[in-house]
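Asker: Sequence:
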Amino acid sequence: MKKSWATQVEVEVESMDKAGNFIGWLHMDGANLSVLLVEQALSKVHFTAERSAYYKSLLSAEEAAKQKKEKVWAHYEEQPVEEVMPVLEEKERSASYKPVFVTEITDDLHFYVQDVETGTQLEKLMENMRNDISSHPPVEGSYAPRRGEFCIAKFVDGEWYRARVEKVESPAKVHVFYIDYGNREILPSSRLGTLPPAFSTRVLPAQATEYAFAFIQVPQDEDARTDAVDSVVRDIQNTQCLLNVEHLSASCPHVTLQFADSKGDVGLGLVKEGLVMVEVRKEKQFQKVITEYLNAQESAKSARLNLWRYGDFRADDADEFGYSR
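For the sequence shown, the UniProt record's numbering assigns the number 1 to the initial residue and increments by one for each residue that follows.
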């Protein structure tokens, strides 16, 4: 915002980081420049503003900017609110880990896995399907994709995979979801074809199942969320892990995931690194694991790791870090 150059401004300091840098606000003509930047879709609200006196103003400005769909919100699409499913009370936590192969990590830190026990069935089906396609290749341009329909799609590696059509923008832009791997792609219809009945989901159900991590909260801040996703991609994508379903939700089951070799808890590791926050649940069967997660979170806070680099922005003692309640 060029109008702030060579202009008298008022600086409001709220806190100081451990490097001695001031954290606060810049006011000009009585207006908070952070709010103005958000209002004009030039910036987004950072999660550390949650305890600030200006948080509500920032959120209101951001919501108004989102509706305009300009600049940083040019491609914004409102996300549906997830309905929380009621969880049945249990006396003990059920731990029955099964081997899975992680195939895809999404931007919201969900992930897709294949059941290791049915892996050979998928390999055999893919081999037979590709041999069939090689003998009877689809005629280019003959397939008219329709939303919700199963099909075959040629991936970037030149191989054919089972897929589902999610959206048809035009013959040149068809959104597909690879049902056995969990990844998505936009393809021209010339790289799609009819799924032969011998290889349909009736013969072998879709092998990619979506899950989310239990006991953690994914950061709303885009940069912080990206850090968490990148860490998970490095650690577990295209590797075998152990999975245990903890509870259900409207979107997908929430699980704990362990590394196959060390049996270390992947979600707990994210908490230890300060990349995610703990979701505190009240069910009795989860109290032992929740306590372990909270202890790990306290250690990450003390070490000022990642999300906690500026201190505890959520806790009741946030005043010592300079945020107003």
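Among the clues, some could well be false.
[As the list claims (entries may be wrong)] Using 27 Å as the maximum straight-line C-alpha spacing, the simulated DSSO-like pairs for lysine-lysine come out as follows:
| id | residue 1 | residue 2 |
| --- | --- | --- |
| 1 | Lys263 | Lys98 |
| 2 | Lys272 | Lys98 |
| 3 | Lys173 | Lys154 |
[Claimed, not checked] Label-pair ranges, simulated between beta-carbon atoms:
| id | residue 1 | residue 2 | range |
| --- | --- | --- | --- |
| 4 | Thr118 | Lys284 | 53 to 63 Å |
| 5 | Leu305 | Val139 | 28 to 38 Å |
| 6 | Gly119 | Ala31 | 36 to 46 Å |
| 7 | Ser96 | Val11 | 56 to 66 Å |
| 8 | Gln237 | Leu42 | 43 to 53 Å |
| 9 | Ser302 | Thr194 | 33 to 43 Å |
| 10 | Leu42 | Asp107 | 33 to 43 Å |
| 11 | Val156 | Asp107 | 13 to 23 Å |
| 12 | Asp221 | Ser302 | 15 to 25 Å |
| 13 | Ser299 | Pro188 | 30 to 40 Å |
| 14 | Ser190 | Lys284 | 52 to 62 Å |
| 15 | Glu159 | Thr118 | 13 to 23 Å |
Hints listed in this document are in silico derivations from the structure and should not be mistaken for laboratory results. All residues carry an ideal CB built from backbone N, CA and C; glycine is no exception.
Asker: Next step is simple, just say for each hint if it's right about the structure.
Answerer: Taking the hints in turn, this is what the structure says about them:
Straight-line distance between C-alpha atoms of Lys263 and Lys98 comes to about 12 Å, which keeps the hinted pair within the 27 Å bound. A threshold of 27 Å between alpha carbons decides the hint, and for Lys272 with Lys98 the separation of about 24 Å falls inside it, so the pair holds. Restraint check for Lys173 and Lys154: the C-alpha separation of about 14 Å stays at or below 27 Å, so the hint holds. Roughly 34 Å separates the CB atoms of Thr118 and Lys284, a value that falls outside the hinted 53 to 63 Å.
As the Cβ distance of Leu305 to Val139 is approximately 56 Å, the hint placing it in 28 to 38 Å is violated. A C-beta distance of roughly 60 Å is found between Gly119 and Ala31, which places it outside the suggested range of 36 to 46 Å. Against the hinted window of 56 to 66 Å, the Cβ-Cβ separation of Ser96 and Val11 comes to about 57 Å, which satisfies the hint. Restraint check, Gln237 to Leu42: a C-beta distance of roughly 34 Å breaks the suggested window 43 to 53 Å.
Taken as a hint, the range 33 to 43 Å is violated for the pair Ser302 and Thr194, whose Cβ atoms sit roughly 59 Å apart. At about 23 Å, the beta-carbon gap between Leu42 and Asp107 misses the expected band of 33 to 43 Å. Separation of Val156 from Asp107 is about 19 Å and conforms to the stated range, judged on CB atoms against 13 to 23 Å. Separated by about 21 Å at the C-beta atoms, Asp221 and Ser302 satisfy the suggested range of 15 to 25 Å.
Under the hint 30 to 40 Å, the C-beta atoms of Ser299 and Pro188, about 51 Å apart, miss the expected range. The hinted window of 52 to 62 Å between Ser190 and Lys284 holds, with their beta carbons roughly 57 Å apart. The given range of 13 to 23 Å is respected by Glu159 and Thr118, whose C-beta atoms sit roughly 20 Å from each other.
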